[in-house]
Amino acid sequence: EAQVTQNPRYLITVTGKKLTVTCSQNMNHEYMSWYRQDPGLGLRQIYYSMNVEVTDKGDVPEGYKVSRKEKRNFPLILESPSPNQTSLYFCASRGRAEQYFGPGTRLTVT
Amino acid sequence: AQSVAQPEDQVNVAEGNPLTVKCTYSVSGNPYLFWYVQYPNRGLQFLLKYITGDNLVKGSYGFEAEFNKSQTSFHLKKPSALVSDSALYFCAVSYMNSGYSTLTFGKGTMLLVSP
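Chains H and Z, in that order, are what the protein sequence lines are. Here my numbering is used: the first residue of the first sequence is 7, the next is one more, and so on. Here my numbering is used: the first residue of the second sequence is 14, the next is one more, and so on.
These are calculated hints, taken from the structure and not from any lab test. No incorrect hints appear here.
The list that follows gives simulated cross-link-like pairs (lysine-lysine, BS3-like), each with its CA atoms no further than 27 Å apart: (1) Z:Lys120 <-> Z:Lys62; (2) Z:Lys120 <-> Z:Lys71; (3) H:Lys24 <-> H:Lys71; (4) Z:Lys120 <-> Z:Lys90; (5) Z:Lys120 <-> Z:Lys82; (6) H:Lys63 <-> Z:Lys62; (7) H:Lys75 <-> H:Lys24; (8) H:Lys63 <-> H:Lys23; (9) Z:Lys120 <-> H:Lys63; (10) Z:Lys62 <-> H:Lys77; (11) Z:Lys120 <-> H:Lys71; (12) H:Lys24 <-> H:Lys77.
Some chain Z residues flagged as far from chain H (calculated, every beta-carbon gap over 10 Å): (13) Thr37; (14) Val40; (15) Gly42; (16) Lys82; (17) Leu125.
Even for Gly, the Cβ is constructed at its ideal location relative to N, Cα and C.
Excised from the complex, chain H in its bound form (with noise of 0.2 Å):
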């Protein structure tokens, strides 16, 4: 079957703790990306990644830091987390078109 996977699925942390989202697809796809959804303001892209060694910054990279050491897996990681960066993200893995989607981490910053 055809899944993006994250873990945790839910996290509460404390501000500066660092800490690593898994991510991890079993498609092939070379275009992997991470999402963070708040309320009133949609999805907005973080980090994504074209392909292996290759990440680039999306709409809001601030505080945040990423790899892709090898296809299938993307890992999202906060070095130093804050309030602001409680919200739930999302993974995604895309084809030629369609994009798939992780079942979210429900991240929250004390």
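Knowing the structure of chain H, use the given hints to seat chain Z on it.
Only chain Z this time, still in chain H's reference frame:
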């Protein structure tokens, strides 16, 4: 730069009535257009897409959308709404080129179908 506008934050419709969720877009070149649905506490599910061909696109759960190039619109429609259609709907656009282009989303429209 590409953009998507969903002019209604919320659409209310009675069960059994037709529904329309509006979307307009702006993009350089020929667009790829998508609709996604998000049920409470769930991820985004793909509904339908327009790439090329017929302007009327049929998708999952009885939804369809009409591509109108002159009006740069891609409204989502369903002839008879169900209470279970109540969810958050997102329109998205990218454009055709030799590689990948960013998928840009609208802010979403909440559809509420009353019994």
